[in-house]
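Number of protein chains: 2
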Amino acid sequence: MKKLGIVGGVAWPSTIEYYGAICRLSIAFHANKGISGPPPVPEMSIESLNINKSFGLRGNNANDNESWARYDEYFRDALQRLQKSGAEIAIIASNTPHNRFRSITRGIDIEVISIFDAVAKECNRLNIDELLILGTAPTMAMPVFSDTLKRFGVDGFAPTSEVDRESVVKLISELYADVSDNAGERIRRVVDNAMPETGKNRAVCLACTELPLAFPQIAKATSLSVDGVLYMNTTMIHAKAAFKALTT
Amino acid sequence: MKKLGIVGGVAWPSTIEYYGAICRLSIAFHANKGISGPPPVPEMSIESLNINKSFGLRGNNANDNESWARYDEYFRDALQRLQKSGAEIAIIASNTPHNRFRSITRGIDIEVISIFDAVAKECNRLNIDELLILGTAPTMAMPVFSDTLKRFGVDGFAPTSEVDRESVVKLISELYADVSDNAGERIRRVVDNAMPETGKNRAVCLACTELPLAFPQIAKATSLSVDGVLYMNTTMIHAKAAFKALTT
Numbered sequence: 001m002k003k004l005g006i007v008g009g010v011a012w013p014s015t016i017e018y019y020g021a022i023c024r025l026s027i028a029f030h031a032n033k034g035i036s037g038p039p040p041v042p043e044m045s046i047e048s049l050n051i052n053k054s055f056g057l058r059g060n061n062a063n064d065n066e067s068w069a070r071y072d073e074y075f076r077d078a079l080q081r082l083q084k085s086g087a088e089i090a091i092i093a094s095n096t097p098h099n100r101f102r103s104i105t106r107g108i109d110i111e112v113i114s115i116f117d118a119v120a121k122e123c124n125r126l127n128i129d130e131l132l133i134l135g136t137a138p139t140m141a142m143p144v145f146s147d148t149l150k151r152f153g154v155d156g157f158a159p160t161s162e163v164d165r166e167s168v169v170k171l172i173s174e175l176y177a178d179v180s181d182n183a184g185e186r187i188r189r190v191v192d193n194a195m196p197e198t199g200k201n202r203a204v205c206l207a208c209t210e211l212p213l214a215f216p217q218i219a220k221a222t223s224l225s226v227d228g229v230l231y232m233n234t235t236m237i238h239a240k241a242a243f244k245a246l247t248t
Numbered sequence: 001m002k003k004l005g006i007v008g009g010v011a012w013p014s015t016i017e018y019y020g021a022i023c024r025l026s027i028a029f030h031a032n033k034g035i036s037g038p039p040p041v042p043e044m045s046i047e048s049l050n051i052n053k054s055f056g057l058r059g060n061n062a063n064d065n066e067s068w069a070r071y072d073e074y075f076r077d078a079l080q081r082l083q084k085s086g087a088e089i090a091i092i093a094s095n096t097p098h099n100r101f102r103s104i105t106r107g108i109d110i111e112v113i114s115i116f117d118a119v120a121k122e123c124n125r126l127n128i129d130e131l132l133i134l135g136t137a138p139t140m141a142m143p144v145f146s147d148t149l150k151r152f153g154v155d156g157f158a159p160t161s162e163v164d165r166e167s168v169v170k171l172i173s174e175l176y177a178d179v180s181d182n183a184g185e186r187i188r189r190v191v192d193n194a195m196p197e198t199g200k201n202r203a204v205c206l207a208c209t210e211l212p213l214a215f216p217q218i219a220k221a222t223s224l225s226v227d228g229v230l231y232m233n234t235t236m237i238h239a240k241a242a243f244k245a246l247t248t
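Note that the protein sequences, when read in sequence, are chains A and B.
So the first sequence is numbered by the numbering used here: it starts at 1 and just counts up by one.
So the second sequence is numbered by the numbering used here: it starts at 1 and just counts up by one.
Just so you know, these hints were derived from the structure itself, not from any lab.
Hints are supplied without guarantee of correctness; some may be wrong.
Computed Cβ-Cβ distance ranges for the label pairs, DEER-style [to be verified]:
1. K170/B to A28/A: 15 to 25 Å
2. P13/B to S36/A: 13 to 23 Å
3. N127/A to K220/B: 37 to 47 Å
4. K170/B to R70/A: 51 to 61 Å
5. D64/B to L57/A: 49 to 59 Å
6. T198/A to K244/B: 49 to 59 Å
7. I27/B to D147/A: 28 to 38 Å
8. K84/A to G107/B: 15 to 25 Å
9. A141/A to D178/B: 40 to 50 Å
10. D147/B to D64/A: 50 to 60 Å
11. Q217/B to A28/A: 24 to 34 Å
12. T198/A to V226/B: 52 to 62 Å
13. K220/B to P216/A: 12 to 22 Å
Computed list of lysine-lysine pairs in DSS-like fashion (alpha-carbon distance at most 27 Å, straight line) [claimed, not checked]:
14. K3/B to K53/A
15. K3/B to K84/A
16. K2/A to K53/B
17. K53/A to K33/B
18. K53/B to K240/A
19. K53/A to K84/B
20. K244/A to K53/B
21. K53/A to K53/B
22. K3/B to K244/A
23. K33/A to K53/B
24. K240/B to K53/A
25. K2/A to K84/B
26. K3/A to K33/B
27. K3/A to K3/B
Which bits of chain A does chain B cover? Going by a derived footprint, with three or more residues having C-beta under 8 Å, they are [to be verified]:
28. 16–22
29. 41–55
Backbone N, C-alpha and C define an ideal beta-carbon position, used for all residues, glycine too.
If we strip away everything but chain A, and leave its shape as in the complex, we get (with noise of 0.2 Å):
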């Protein structure tokens, strides 16, 4: 196996979610093949992040090139580090930073594997027409989620209204914050508002890390059909495709 460098601590309990998704999917492929001792785990190196420094860095909005440049270096040098620790493949263990992505990992060596990449392929093997991306306001704001989408024939989009925005926006702090009520129904109503039936074959995108806990039983699956509505689980699709990278 190859080894593994996650640029982690945005937020630090997804980055636990990953880290704990690799170790299971390593133990899982080793099992049954005859091997001594505990099961082997890749090696990886995690570069985690201040949250609240990289928070401060964020721009303000798609254009603010000078905040945006200091953000996108904080991710650039913790991919440095990573790589000269021997990391072969890397990943950003965050939706946010890939908004920034082309920037960030510019002069970086090894490969690193893009979440919305790896979410616009789930999409296509999934044979998804639609969907709706619902994250932090970087997300729903920036052009880069739906322009990957449509590289790969998948119409992405973000609620359109400011209060379905917004709404979402605070549910993310309340649920890494560890204090919300009835977050699957109050997603449930922002995805009635922003994805009027269409026939066409759709799903909807917890592009933020903490959304997924909505869903307790979404946590350790790629994607789960709750009520009708089929919902993806960005954390685990990205942390499948790293492993998959890491054994071939």
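Guided by the hints, dock chain B onto chain A, whose structure is given.
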């Protein structure tokens, strides 16, 4: 806060315990300080090793210096990578390698906080005179932990009966695989055999990161009394000592 380095993966569930504990301690530390944005969490570098490899490199006994030399090197190289990535303080998130602590940390410039030192200091704080050491075969067989305790005036000893030691080692592998029955009772039986009443202040050291899983109520505590026996959770004691060093 200083940057922390963690050598992890041996085993991975305890790396999650350490990482989560440090993050939660940081959130508690920064609460009600009027900090804007998400609570600060220290930057961390984690080198997660392949436990199948480290297990294979273990010496067969305390004197098998050739095998242990390769084991030591595997951990020392990880510490060196952490140092290069900017870690200012480091820990090894596992008891067993601490039996080789002096050799592993040879040539490392940053402070590496020993789990055995941290436990010995905690014994002093709790006025413990005698400590029963339950852990992996090397931890129970090698004199390093009890020598450390002696420097702090604490009498540390492993079970003398081979049956009791084997029972502990078997329980650890069952807890790791999540297939154990009556784990708490089985530990209690070893305790009753190995630690006859002396009238002194005594405690049982769960000196292997799987053992606290036998008592779910101890998972997030540094120590806890269960049915009149005080158990010490080395993971939490070590994580707490590390976080304190980051902030002072």
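Now the hints, each set against the structure:
no.: 1; hint: K170/B to A28/A: 15 to 25 Å; result: holds (24 Å)
no.: 2; hint: P13/B to S36/A: 13 to 23 Å; result: holds (21 Å)
no.: 3; hint: N127/A to K220/B: 37 to 47 Å; result: holds (44 Å)
no.: 4; hint: K170/B to R70/A: 51 to 61 Å; result: holds (53 Å)
no.: 5; hint: D64/B to L57/A: 49 to 59 Å; result: holds (50 Å)
no.: 6; hint: T198/A to K244/B: 49 to 59 Å; result: holds (57 Å)
no.: 7; hint: I27/B to D147/A: 28 to 38 Å; result: holds (35 Å)
no.: 8; hint: K84/A to G107/B: 15 to 25 Å; result: holds (19 Å)
no.: 9; hint: A141/A to D178/B: 40 to 50 Å; result: holds (43 Å)
no.: 10; hint: D147/B to D64/A: 50 to 60 Å; result: holds (58 Å)
no.: 11; hint: Q217/B to A28/A: 24 to 34 Å; result: holds (30 Å)
no.: 12; hint: T198/A to V226/B: 52 to 62 Å; result: holds (58 Å)
no.: 13; hint: K220/B to P216/A: 12 to 22 Å; result: holds (20 Å)
no.: 14; hint: K3/B to K53/A; result: holds (14 Å)
no.: 15; hint: K3/B to K84/A; result: holds (17 Å)
no.: 16; hint: K2/A to K53/B; result: holds (14 Å)
no.: 17; hint: K53/A to K33/B; result: holds (16 Å)
no.: 18; hint: K53/B to K240/A; result: holds (23 Å)
no.: 19; hint: K53/A to K84/B; result: holds (21 Å)
no.: 20; hint: K244/A to K53/B; result: holds (21 Å)
no.: 21; hint: K53/A to K53/B; result: violated (36 Å)
no.: 22; hint: K3/B to K244/A; result: violated (31 Å)
no.: 23; hint: K33/A to K53/B; result: holds (16 Å)
no.: 24; hint: K240/B to K53/A; result: holds (23 Å)
no.: 25; hint: K2/A to K84/B; result: holds (21 Å)
no.: 26; hint: K3/A to K33/B; result: violated (39 Å)
no.: 27; hint: K3/A to K3/B; result: holds (22 Å)
no.: 28; hint: 16–22; result: holds (count 3)
no.: 29; hint: 41–55; result: holds (count 14)
Comparing the model with each earlier hint shows violations of hints 21, 22, 26; every other hint is respected.
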